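Respectively, the protein sequence lines represent chains L and A.
Last residue of the first sequence? That's 370 in numbering that gives the first Met the number 0, and every number before it is there in order.
Last residue of the second sequence? That's 370 in numbering that gives the first Met the number 0, and every number before it is there in order.
It cannot be assumed that every hint is accurate.
Copies of the same chain are indistinguishable here, so a pair counts whether it falls within one copy or spans any two.
As the list claims (entries may be wrong) - DSSO-like, lysine-lysine: derived pairs with alpha carbons at most 30 angstroms apart:
| id | residue 1 | residue 2 |
| --- | --- | --- |
| 1 | Lys101 | Lys11 |
| 2 | Lys8 | Lys73 |
| 3 | Lys221 | Lys80 |
| 4 | Lys73 | Lys344 |
| 5 | Lys46 | Lys86 |
| 6 | Lys27 | Lys300 |
| 7 | Lys101 | Lys344 |
| 8 | Lys46 | Lys344 |
| 9 | Lys222 | Lys173 |
| 10 | Lys300 | Lys105 |
| 11 | Lys46 | Lys300 |
| 12 | Lys86 | Lys350 |
| 13 | Lys287 | Lys135 |
| 14 | Lys300 | Lys74 |
| 15 | Lys80 | Lys46 |
| 16 | Lys11 | Lys27 |
| 17 | Lys290 | Lys74 |
| 18 | Lys290 | Lys80 |
| 19 | Lys290 | Lys46 |
| 20 | Lys290 | Lys73 |
| 21 | Lys73 | Lys300 |
| 22 | Lys46 | Lys287 |
| 23 | Lys74 | Lys350 |
| 24 | Lys121 | Lys287 |
| 25 | Lys103 | Lys86 |
| 26 | Lys344 | Lys192 |
| 27 | Lys86 | Lys176 |
If you are wondering where the hints come from, they were derived from the structure by calculation, not from laboratory data.
All figures in this text were calculated on a predicted structure; none of them were measured in a lab.
Number of protein chains: 2
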Amino acid sequence: MFKFEISSKCSKTLARTGSFTTPHGVIKTPTFMPVGTKATVKTLDSKDLNDLNAEIILANTYHLAMRPGEDLIKKMGGLHKWMNFNKPILTDSGGFQVFSLKDKLKITDDGVEFQSHLDGNKHFFTPEKAMEIQNKLGADIIMAFDECAPADSDQSYAKKAMERTHDWVLRCKKFHKNESQALFPIIQGVIYKDLRVESTKFMTELDLPGIAIGGLSVGEGKKTMYEILETIAPLLPENKPHYLMGVGTPEDLFECISRGMDMFDCVLPTRLARHGSFYGDNQVEHLKNLKNRDNENPLRKDCTCETCQNFTRSYLRHLIIENEITGLRLLTIHNIYFLFELIKKIRKSIKENQFPHFKKEFLNNWIGMEK
Amino acid sequence: MFKFEISSKCSKTLARTGSFTTPHGVIKTPTFMPVGTKATVKTLDSKDLNDLNAEIILANTYHLAMRPGEDLIKKMGGLHKWMNFNKPILTDSGGFQVFSLKDKLKITDDGVEFQSHLDGNKHFFTPEKAMEIQNKLGADIIMAFDECAPADSDQSYAKKAMERTHDWVLRCKKFHKNESQALFPIIQGVIYKDLRVESTKFMTELDLPGIAIGGLSVGEGKKTMYEILETIAPLLPENKPHYLMGVGTPEDLFECISRGMDMFDCVLPTRLARHGSFYGDNQVEHLKNLKNRDNENPLRKDCTCETCQNFTRSYLRHLIIENEITGLRLLTIHNIYFLFELIKKIRKSIKENQFPHFKKEFLNNWIGMEK
């Protein structure tokens, strides 16, 4: 039911193109997955996603389990039917969200007790529970329940969290029976290379349909992230898609694809849009900037998205300043389109064995957002 | 440049169908105009309006003059180009909004001094200024500057406001030179029938391309509104479109069309949507109602709008509860589509001389919103 095929490889980096077949269609890799936290990519509906040629989106297990609850979504026919989105969906395990609740949680080897951000009610997530919820949601790709330890964890705690994650993935694998859902394990180990290596070996041996790298891009710094990827990349199973969780600036896409990554998700394009920011000609720009007031250009020169084809910076700036929902939506469309086009161009460059050249050309021109 | 032609008349009521030709196209009457206060119908863009087959929309002079200012919009090529909406647009005169500022204004025969709701800065609107702003905005139909006196004004004040409105319309007519914009006068007179008759006669004699009735649906009660319309309808110029300002519940559309009205605008369909309400099978319903939680039906049985074709009440309820912009937009699309379809059916029934029958059938089934 799931099949990953590599179609081309870069001769100078670890970049590759491929396709991952799922029950709801084929995903071309590398791929960028817009985040639909609460079963909608903010400001968009499923028709918009189809118009944008989205190949896969992500939804959040934690948020949907808290409200409206996985049982309702199952009763309504599962996420695909409920959202009326008939392409692949990936649900995270809820781990990342639960562990970000910090002072409201109690971690044991059995699972995690936490208080809902909505009403403070207590919940208990276990690996089995995370599987059960995701089975009910019905996504094509589901994630193993992991402990995402903070970037500043000491090595001793990082090791403990990693071992717990290893224990939990075995429990997930054992519990998960639905063959129409691909279970991906998540490599942990914070910033410690020996732990990351150990975790990569452990997760690779499980021989699941794909493999994810979690706990990066959470404050450890870009240089550290790239180094960790370089360390573990040679150990990853070549014939499985490699999903780097939570990453997605344009510069990170290039750097991580060149280090063998295939799948990405990030809230940035949608979140930037809701703050009036957009991918401009060579950097992220802010629409409220006074220079856009009487600017009749599109957001980005030569951009072929719906927004740029139809509206000027001047009009869009007005919408953002007036807090008009229309503006947030039009920027969201542009930002997602931009990343999709970028990924398409990256795929093309890999196929033509021009990826390092295209990467250099793009990054020379692009003013990145350091962090 | 402007031409109103009546194509059919109801034999039992004053309902009629017609077409009003403007520089940006023909408007079939009766017509409903969605309100695009700040140069956008909230949550929608011009492509959405075209998809909905909107024939004309309204924009607000007061809001646009306050921000971003009419000079910017003129510099950007006028409202049509700026919004990328190439069908007819109507701008109100700003009078209604200015007079709703109440304690922040000073009325003289020359004009109105008021403080902006944005920053408290003082502004002075005169009939000439209202024309100048609307000339710069560039709508197809522009409105004369009027004093919209409160529904509870005594007769003496109502008379004074009416006389001022008459004086002002003459100044508007004198100032307005742009032949590609049709100037409509606004009948005032609060709830006093003799004043309304006097104002109707005065405005009719101006022989402008259309005529509007203002100051109704502002708290005087439905019965009073209908009676006033009955009183003035026989005096209105038959060969001009009659625009009843600010009216637009389904029941009011029927009642006012049967009293000779041709054009309507109302924020209700868009505002209801943003409060999670929608035109249901036979009344306005609230999506948050628990009965919709697992309801797989569309918002309205047999509705052919994009929203009803693609999404269930259950999913839409979730979006509204989660405050997702997508939900507000999908309800807006439904609500506007519903009114457009209703108006289309009303036009058809008038053409087939079945309007009183259709009106009775609809209103027997529809549970209205009293006020």
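- Item | Hints violated by the structure (numbers, ascending) | The structure breaks hints 1, 2, 3, 4, 7, 9, 10, 23, 25 and 26; every other hint is satisfied.
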